[in-house]
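Protein chains: 2
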Amino acid sequence: MKYYEDMVVGTVTHSPRPYKVTREEVIDFASKYDPQPFHLDDEAAAKTFFGKLSASGWHTAAMTMRLMVESWKDQEESASLGSPGVDELRWIKPVYPGDELRVETTLMSKRRMKSRPEMGLTKTQQKVFNQNDELVMTMIGNGLIKVRNPDVMEDD
Amino acid sequence: MKYYEDMVVGTVTHSPRPYKVTREEVIDFASKYDPQPFHLDDEAAAKTFFGKLSASGWHTAAMTMRLMVESWKDQEESASLGSPGVDELRWIKPVYPGDELRVETTLMSKRRMKSRPEMGLTKTQQKVFNQNDELVMTMIGNGLIKVRNPDVMEDD
Numbered sequence: 001m002k003y004y005e006d007m008v009v010g011t012v013t014h015s016p017r018p019y020k021v022t023r024e025e026v027i028d029f030a031s032k033y034d035p036q037p038f039h040l041d042d043e044a045a046a047k048t049f050f051g052k053l054s055a056s057g058w059h060t061a062a063m064t065m066r067l068m069v070e071s072w073k074d075q076e077e078s079a080s081l082g083s084p085g086v087d088e089l090r091w092i093k094p095v096y097p098g099d100e101l102r103v104e105t106t107l108m109s110k111r112r113m114k115s116r117p118e119m120g121l122t123k124t125q126q127k128v129f130n131q132n133d134e135l136v137m138t139m140i141g142n143g144l145i146k147v148r149n150p151d152v153m154e155d156d
Numbered sequence: 157m158k159y160y161e162d163m164v165v166g167t168v169t170h171s172p173r174p175y176k177v178t179r180e181e182v183i184d185f186a187s188k189y190d191p192q193p194f195h196l197d198d199e200a201a202a203k204t205f206f207g208k209l210s211a212s213g214w215h216t217a218a219m220t221m222r223l224m225v226e227s228w229k230d231q232e233e234s235a236s237l238g239s240p241g242v243d244e245l246r247w248i249k250p251v252y253p254g255d256e257l258r259v260e261t262t263l264m265s266k267r268r269m270k271s272r273p274e275m276g277l278t279k280t281q282q283k284v285f286n287q288n289d290e291l292v293m294t295m296i297g298n299g300l301i302k303v304r305n306p307d308v309m310e311d312d
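Chains C and V, in that order, give the protein sequences. At position 142 of the first sequence (counting the first as 1) the number is 142 in the numbering used here, and the numbers step up by one without a gap. Count along the second sequence starting at 1, add 156, and that's the number in the numbering used here.
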């Protein structure tokens with residue numbers, strides 16, 4: 001188990017295998033959660049600046065989360081306690097059926113919480129690339145991580 | 157069609173009907189996109205600070221998007237050109253199976269883009285509430301909206 005104390009600022013992790021985006025999944029996700037014409041239908045999408053059917057940005061974010069969870073499992077399991085939120089999410093390029101996505105995560109900073117000594121707060125940057133190494137999405141995420149030794153306040 | 161010019165800063169819109177969160181959908185979404193124990197399994201969730209099975213934050217964001225699209229359709233269709241991203245996303249309270257979500261959207265600001273006279277940029281705040289009127293998620297989103305008269309630059 002990887003605790004707060006084990007996390008080293010500056011560490012870069014990579015998703016272990018690419019996420020293959022299928023046309024069926026793009027349409028399925030959009031039908032449920034983002035039923036705008038450019039995420040549902042080829043003909044409608046062709047008339048927009050996307051040019052062709054593209055994934056909902058929320059679908060890209062969800063696939064990114066999947067790749068992040070796989071990154072953790074590839075290494076030691078981390079003592080994740082969930083996330084209070086995201087500071088910045090940018091959809092830079094459309095994601096299309098057939099794309100293969102990968103995620104690069106950098107631990108930007110970490111700090112202990114005075115009010116909750118059993119928890120640490122981490123800030124990470126995610127960069128999501130497609131198969132052509134084009135940046136399609138970036139994100140700055142906050143994470144809550146279990147502290148191994150809550151009685152020892154080593155920083156802050 | 158509701159163009160950039162028709163949008164009035166300060167306007168508040170409400171999702172037309174609640175989104176009912178089902179246990180089946182929570183597990184289905186988490187299995188695909190966020191397979192952490194507290195989103196998948198009652199017993200595992202009981203051991204965490206969530207207390208019981210809760211929805212992935214990305215699932216809550218996706219359900220919020222659905223409610224936003226329904227809000228637009230309830231009124232006039234808006235000339236949405238997609239979104240460049242989100243400035244701040246906060247998961248404030250867990251969302252549980254059985255919850256009913258609604259979204260309140262406020263248009264905070266809008267501006268024309270000098271580089272793309274056919275587009276305007278809007279900033280909106282979303283507040284997501286459950287059936288007990290507890291705030292579960294907030295978000296500040298950016299939207300690109302089609303301009304009716306690109307030749308007329310009424311503000312910058």
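It should be emphasised that the hints constitute simulated quantities derived from the structure, not laboratory data. Hints may be right or wrong, so weigh each one.
[Stated by the list, open to error] Derived lysine-lysine pairs resembling DSSO-like cross-links, with alpha carbons at most 30 Å apart:
#1 C/Lys110 to V/Lys203
#2 V/Lys188 to V/Lys158
#3 V/Lys188 to C/Lys127
#4 C/Lys47 to V/Lys203
#5 C/Lys47 to V/Lys176
#6 C/Lys146 to C/Lys127
#7 V/Lys229 to C/Lys93
#8 V/Lys283 to V/Lys266
#9 C/Lys52 to V/Lys266
#10 C/Lys114 to V/Lys203
#11 C/Lys123 to V/Lys283
#12 V/Lys208 to C/Lys47
#13 C/Lys127 to C/Lys52
#14 V/Lys279 to V/Lys266
#15 C/Lys93 to V/Lys158
#16 C/Lys32 to C/Lys52
#17 V/Lys208 to V/Lys229
#18 C/Lys93 to V/Lys283
#19 V/Lys158 to V/Lys279
#20 C/Lys93 to V/Lys208
#21 C/Lys47 to V/Lys302
#22 C/Lys73 to C/Lys32
#23 V/Lys270 to V/Lys176
#24 C/Lys32 to C/Lys47
#25 V/Lys203 to C/Lys73
#26 C/Lys52 to C/Lys93
#27 C/Lys2 to V/Lys279
#28 V/Lys270 to C/Lys32
#29 V/Lys249 to V/Lys270
#30 C/Lys2 to V/Lys229
#31 V/Lys249 to V/Lys188
#32 C/Lys114 to V/Lys208
#33 V/Lys266 to V/Lys229
Each hint, compared with the structure:
Taking the CA atoms of C/Lys110 and V/Lys203, the gap is near 25 Å; set against the 30 Å cutoff, the hint holds. Taking the CA atoms of V/Lys188 and V/Lys158, the gap is about 35 Å. The hint is violated against a cut of 30 Å. Between V/Lys188 and C/Lys127 the alpha-carbon distance is near 20 Å, which keeps this suggested pair within the 30 Å criterion. Taking the CA atoms of C/Lys47 and V/Lys203, the gap is about 50 Å. The hint is violated against a cut of 30 Å.
Between the alpha carbons of C/Lys47 and V/Lys176 the distance comes to roughly 33 Å, so the proposed pair goes past 30 Å and is violated. Proximity of C/Lys146 to C/Lys127 is assessed by CA-CA distance (about 24 Å); at most 30 Å being required, the pair is judged to hold. For the given pair, V/Lys229 sits about 26 Å from C/Lys93 by alpha-carbon distance, which is consistent with the 30 Å threshold. A distance of roughly 19 Å separates the Cα atoms of V/Lys283 and V/Lys266; the hinted pair therefore holds under the 30 Å criterion.
Taken as a hint, the C/Lys52 and V/Lys266 pair is honoured in the structure, with Cα atoms around 28 Å apart against an allowance of 30 Å. With a C-alpha separation of about 23 Å, the suggested pairing of C/Lys114 with V/Lys203 holds against the 30 Å cut-off. The suggested pairing of C/Lys123 with V/Lys283 holds, with an alpha-carbon distance near 23 Å, which does not exceed 30 Å. Straight-line distance between C-alpha atoms of V/Lys208 and C/Lys47 comes to about 45 Å, which puts the hinted pair past the 30 Å bound.
Taken as a hint, the C/Lys127 and C/Lys52 pair is honoured in the structure, with Cα atoms around 23 Å apart against an allowance of 30 Å. Under the criterion of a C-alpha separation no larger than 30 Å, the hint pairing V/Lys279 with V/Lys266 is consistent with the structure, at around 6 Å. Distance check on the hinted pair: C/Lys93 and V/Lys158 sit about 25 Å apart at the alpha-carbon level, within 30 Å; holds. About 19 Å separates the Cα atoms of C/Lys32 and C/Lys52, which keeps this hinted pair within 30 Å; it holds.
Note on V/Lys208 and V/Lys229: the hinted pairing is violated, with a Cα-Cα distance of about 34 Å set against a maximum of 30 Å. For the proposed pair C/Lys93 and V/Lys283, the alpha carbon gap of about 27 Å is at most 30 Å, so the pair holds. With a C-alpha separation of about 16 Å, the suggested pair V/Lys158 and V/Lys279 falls inside the 30 Å cut-off, and the hint holds. The straight-line distance between the Cα atoms of C/Lys93 and V/Lys208 is roughly 37 Å, outside the 30 Å bound, and the hint therefore fails.
Distance check on the hinted pair: C/Lys47 and V/Lys302 sit about 14 Å apart at the alpha-carbon level, within 30 Å; holds. Between the alpha carbons of C/Lys73 and C/Lys32 the distance comes to roughly 28 Å, so the proposed pair stays at or under 30 Å and holds. With a CA separation close to 42 Å, the supplied pair V/Lys270 and V/Lys176 exceeds the 30 Å bound. Taken as a hint, the C/Lys32 and C/Lys47 pair is honoured in the structure, with Cα atoms around 22 Å apart against an allowance of 30 Å.
Taken as a hint, the V/Lys203 and C/Lys73 pair is honoured in the structure, with Cα atoms around 20 Å apart against an allowance of 30 Å. With a C-alpha separation of about 13 Å, the suggested pairing of C/Lys52 with C/Lys93 holds against the 30 Å cut-off. Restraint check for C/Lys2 and V/Lys279: the C-alpha separation of about 38 Å exceeds 30 Å, so the hint is violated. Taken as a hint, the V/Lys270 and C/Lys32 pair is broken in the structure, with Cα atoms around 35 Å apart against an allowance of 30 Å.
Proposed proximity of V/Lys249 and V/Lys270 is contradicted: the alpha carbons are some 39 Å apart, above 30 Å. Of the supplied pair hints, the one linking C/Lys2 and V/Lys229 is violated, its CA atoms being roughly 46 Å apart against a limit of 30 Å. Taken as a hint, the V/Lys249 and V/Lys188 pair is honoured in the structure, with Cα atoms around 22 Å apart against an allowance of 30 Å. A hinted pair counts as satisfied when its Cα atoms are at most 30 Å apart, and C/Lys114 with V/Lys208 qualifies at roughly 26 Å.
Taken as a hint, the V/Lys266 and V/Lys229 pair is honoured in the structure, with Cα atoms around 20 Å apart against an allowance of 30 Å.
In the structure shown, a violation is registered for the earlier hints numbered 2, 4, 5, 12, 17, 20, 23, 27, 28, 29 and 30, in ascending order.
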